[in-house]
Amino acid sequence: MVFIGGLKTLLPHAVRNLIRTNKLSISNTSGMAEGFKQANIVILHKSLADDFEKFCQANDGPLPLLYRSEPGEWKCPSLCNDSDIRTDCLQYKKYENGVCTGILTSLKEFSEQLKDMVTFYLGCSFTFEKALQKVGIPVRNVEQKCNVSMYKTAVPCWSTENFHCNLVVTLRPIPKDKLEAVVRTTYPLKKSHGAPIHIGNPDLLGIQDLSSPDYGDAVQAQSGDVPVFWACGVTGTEAVSYCKSPLAFTHSPGCMFITDLKVEDAAAGKEVPEVYRICQNPLHYSIISAAAVQKIRCLEDMVGVDPGDRGVTHLRSQDELLKACLSISHAQSVLITTGFPTHFKYEPPEENDGPPGAIAMAAILKALGKNVAIVTDQRALNLNKNIIKEAVEQGILETPVPIISYNSDTPDSALLFLCENGNPEKPRFNHLIAIERAGMAVDGNYYNARKINIKHLVDPIDELFVAAQSIPGITTTGIGDGGNELGMGKVKEAVKKYIKNGDVIACDVEADFTVVAGVSNWGGYAVACALYILNTCEIHDRYLRKAVGFPRWCTNMNWASALPSVAKEEKLLNILQRHQVRSGKTASLAMEVDGLPFYDIHSLMLEKLLEETLK
Numbered sequence: 003m004v005f006i007g008g009l010k011t012l013l014p015h016a017v018r019n020l021i022r023t024n025k026l027s028i029s030n031t032s033g034m035a036e037g038f039k040q041a042n043i044v045i046l047h048k049s050l051a052d053d054f055e056k057f058c059q060a061n062d063g064p065l066p067l068l069y070r071s072e073p074g075e076w077k078c079p080s081l082c083n084d085s086d087i088r089t090d091c092l093q094y095k096k097y098e099n100g101v102c103t104g105i106l107t108s109l110k111e112f113s114e115q116l117k118d119m120v121t122f123y124l125g126c127s128f129t130f131e132k133a134l135q136k137v138g139i140p141v142r143n144v145e146q147k148c149n150v151s152m153y154k155t156a157v158p159c160w161s162t163e164n165f166h167c168n169l170v171v172t173l174r175p176i177p178k179d180k181l182e183a184v185v186r187t188t189y190p191l192k193k194s195h196g197a198p199i200h201i202g203n204p205d206l207l208g209i210q211d212l213s214s215p216d217y218g219d220a221v222q223a224q225s226g227d228v229p230v231f232w233a234c235g236v237t238g239t240e241a242v243s244y245c246k247s248p249l250a251f252t253h254s255p256g257c258m259f260i261t262d263l264k265v266e267d268a269a270a271g272k273e274v275p276e277v278y279r280i281c282q283n284p285l286h287y288s289i290i291s292a293a294a295v296q297k298i299r300c301l302e303d304m305v306g307v308d309p310g311d312r313g314v315t316h317l318r319s320q321d322e323l324l325k326a327c328l329s330i331s332h333a334q335s336v337l338i339t340t341g342f343p344t345h346f347k348y349e350p351p352e353e354n355d356g357p358p359g360a361i362a363m364a365a366i367l368k369a370l371g372k373n374v375a376i377v378t379d380q381r382a383l384n385l386n387k388n389i390i391k392e393a394v395e396q397g398i399l400e401t402p403v404p405i406i407s408y409n410s411d412t413p414d415s416a417l418l419f420l421c422e423n424g425n426p427e428k429p430r431f432n433h434l435i436a437i438e439r440a441g442m443a444v445d446g447n448y449y450n451a452r453k454i455n456i457k458h459l460v461d462p463i464d465e466l467f468v469a470a471q472s473i474p475g476i477t478t479t480g481i482g483d484g485g486n487e488l489g490m491g492k493v494k495e496a497v498k499k500y501i502k503n504g505d506v507i508a509c510d511v512e513a514d515f516t517v518v519a520g521v522s523n524w525g526g527y528a529v530a531c532a533l534y535i536l537n538t539c540e541i542h543d544r545y546l547r548k549a550v551g552f553p554r555w556c557t558n559m560n561w562a563s564a565l566p567s568v569a570k571e572e573k574l575l576n577i578l579q580r581h582q583v584r585s586g587k588t589a590s591l592a593m594e595v596d597g598l599p600f601y602d603i604h605s606l607m608l609e610k611l612l613e614e615t616l617k
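Just so you know, the sequence shown maps onto residues 3 to 617 in my numbering.
Hints listed in this document are in silico derivations from the structure and should not be mistaken for laboratory results.
Even for Gly, the Cβ is constructed at its ideal location relative to N, Cα and C.
Be aware that one or more of the hints could be misleading.
[What the hints assert, rightly or not] FRET-style restraints, in silico, Cβ to Cβ: (1) 77 to 617: 22 to 32 Å; (2) 146 to 52: 33 to 43 Å; (3) 146 to 553: 49 to 59 Å; (4) 27 to 284: 33 to 43 Å; (5) 388 to 605: 20 to 30 Å; (6) 468 to 375: 42 to 52 Å.
[Said to hold, decoys possible] In silico DSS-like pairs for lysine-lysine, Cα to Cα no more than 30 Å straight-line: (7) 297 to 96; (8) 132 to 193; (9) 610 to 372.
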């Protein structure tokens, strides 16, 4: 037998020869022939080959195609010079009618059947393990001399006529401070599964127990490690099982075919990925290109100006817009709330800062395929339903947005509202957004900027944000321009210090993310634009769809039409005016900024946001 440690430095043809002659007593090829590409293997009848190639093309994250053989072709000349697919994998699995009926070390006895079969060589993540080690990233399965952990997920692959299955992933525990390095190292290696498809809690993939992998070995994480998951070629094995063809073969998971192709160095491309944590419970990170990050930061700077010189700039923190929108981008269902009854002597008491921003966010969220609802005060329910109805009629919204109210009848009201049957494991919403919504102060009252208590006009929607803090899987964003808005509790100390009357009016209820703008509507417009930037970012799109299916931005050109515009805003402000919803920024509207009336500045802001978004 050969000393296992020496296999790392052997050339591929030497390792294949040892495998071919059964001179190895090892369970997997991780770490073998370092610096050379390894491949997953699927062997199917030629009548299924075209459809399986389509399946690979539609799911190129788990199934990056390196080579497709001709029927009966046992060699793969573009991958290596002297190979025989019948003998050159450590182990094979035989499938009959979708059921694994044997584990084999050779396929020579099936040579006659193989004459009518086609072999698919698919990229493997073992290929990039040496690249990780070269940049100082520990590979735990190599350290522990075991196979990588592989898990079935709840993520469906894109289906074809004969092939359908859920994604299979590999897990590598990675130190928290190496996450960005691991993404940047693997991102260019697209023929070896590329960048991770998930970083964080395995429950989000439908994986219940990391200690019990479906394939491979349980790899032990070290203190400070974060679970990082890559698409896995064993997805092809699952597809073969689903297909139920009379006869098929695959490699055994972890027992790869070793090619003569050297692993290419990770060349720096135009797109550089960055990693951001978007939720602590459950732990969840997201990926975005550096170029998209810069565009979103530009939006954040644009809307963060303070036209009324009210001290708003002191409330800002960089990347709150970015992290809020990353979190929203991953949400399936979003609840928006708005409504600040600052005109307490009038009917209705609402101001027109808030609803336009809320509707702008709802429009893009619906275009992105998310479930959206707006929760408002019971007394304003019909008003908001009529506004939404007219917004649809005038083309501001494509379809209606449900308008609902919240009643605080019992101590469990918020939990029952947010979760199915009050079960915190089944939230109805993944993200809550408050924009220009009156927020509860530390004394339990609600104040406008002039310290006037308007509690009698405000339903306790704050309770939803408070409850969300203890419900895993719900994150929150507050958008405001004065510190007394729901969610601004995160910056309440700055509000008390820099905002007039801040010691009284500061909202005490925190959101996970606070988007601070000179005008709250601007913050809503910036969120809508940032969501467009994110979902048209190739790196983020791939991460969202878990590298299965096709890029969504290629087939969803209507997203741009869902963005806010000056024309839509003018229509909506006219609708609000017809319903006697007044401006809440009277002092600012009377001002001139850089020689321009405030309303012109408002339109110019929206134009600049769109220009930055679409360029």
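Verification of the hints:
1. Against the hinted window of 22 to 32 Å, the Cβ-Cβ separation of residue 77 and residue 617 comes to about 50 Å, which falls outside the hint.
2. Look at residue 146 against residue 52: about 41 Å separates their beta carbons, and that is inside 33 to 43 Å.
3. In this structure the hint that residue 146 and residue 553 lie 49 to 59 Å apart at CB is violated, the actual value being about 36 Å.
4. Judged by the Cβ atoms, the range 33 to 43 Å given for residue 27 and residue 284 holds: they are separated by roughly 41 Å.
5. Take residue 388 and residue 605: their Cβ atoms lie about 25 Å apart, and the range 20 to 30 Å holds.
6. For the pair residue 468 and residue 375, the supplied restraint of 42 to 52 Å is violated, since their beta-carbon distance comes to about 19 Å.
7. Between residue 297 and residue 96 the CA atoms are separated by roughly 51 Å; this puts the pair beyond 30 Å, and the hint is violated.
8. With a C-alpha separation of about 15 Å, the suggested pairing of residue 132 with residue 193 holds against the 30 Å cut-off.
9. As the CA atoms of residue 610 and residue 372 are separated by approximately 26 Å, the hinted pair is consistent with the 30 Å bound.
The structure fails to meet hints 1, 3, 6, 7 from the earlier list, while all remaining hints are met.
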